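Count the sequence shown with my numbering and you get residues 1 to 103, in order.
These are computed hints drawn from the structure, not numbers from a lab. Just so it is clear, the structure is predicted and the values come from calculations on it, not from any experiment. Some hints could be false.
[As the list claims (entries may be wrong)] Quick list of simulated restraints, FRET-style, between CB atoms: (1) N7 <-> I74: 54 to 64 Å; (2) Y93 <-> N7: 15 to 25 Å; (3) E77 <-> T16: 55 to 65 Å; (4) E48 <-> K25: 46 to 56 Å; (5) E33 <-> A11: 52 to 62 Å; (6) F37 <-> Y78: 54 to 64 Å; (7) E73 <-> E10: 17 to 27 Å; (8) F37 <-> D63: 48 to 58 Å.
Glycine included, each C-beta is placed from N, C-alpha and C at the ideal position.
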Amino acid sequence: MIKKDNNVEEAKKVLTEIENRDLSKIEDTLEKERVNFEKQLNPEKDEEVNFFNFYGNTVFLGDSITEGLSELEIIDEYNVVSEKGDTVVKAMYQLDKVKQMNP
C-alpha cells in the first residue's frame, strides 16, 4: 500500500509540473520544430540541392540509365552499381557488392 501511495504522489508531482509549464513556450518550440522539419522536406526554390550530399548514403543499382546519373555528375560514381545492358538477372549478381557498400 505504501508503494502505491508513493506512485500516486509522484504522479501528482508530474502533473503539477506539467500544469505549471508555460504553454506559449511549448507552442513556440513546437512551431520552430515544425518549420525546421518543413525546410528539410521542401528546400527553398532558390536554394540549390546538392545531390552528392543528399544521396550520400544511397546506392543506385541499375542499367545504362542509372549509370547516366554518375556520368552527368548528378550523383557520385561511388553510389552507382551498374553497367550498360544490365538486366534484372545480371543485377542479382551485383547484390553482394551493394551489401558490402552498406548503404
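Could you say whether the range 54 to 64 Å given as a hint is met by the Cβ separation of N7 and I74?
-> holds (58 Å)
- Item | E73 versus E10 beta-carbon gap, inside 17 to 27 Å or not | violated (59 Å)
**Prompt:** Between F37 and Y78, is the Cβ distance one that fits in 54 to 64 Å?
**Reply:** This hint is violated: roughly 29 Å between Cβ atoms.
Given the range 55 to 65 Å, decide if the beta-carbon distance of E77 to T16 lies inside it. holds (60 Å)
Distance restraint evaluation - E48, K25, Cβ atoms, bounds 46 to 56 Å: violated (35 Å)
Original post:
Regarding E33 and A11, is the given constraint of 52 to 62 Å on their beta-carbon distance met?
Top reply: violated (27 Å)
**OP:** Could you tell me whether the CB distance from F37 to D63 stays inside 48 to 58 Å?
**Re:** Roughly 35 Å apart at Cβ, these two residues miss the hinted range, so it is violated.
Okay, Y93 versus N7 on CB: inside 15 to 25 Å? violated (60 Å)
The structure shown violates the earlier hints numbered 2, 4, 5, 6, 7, 8.
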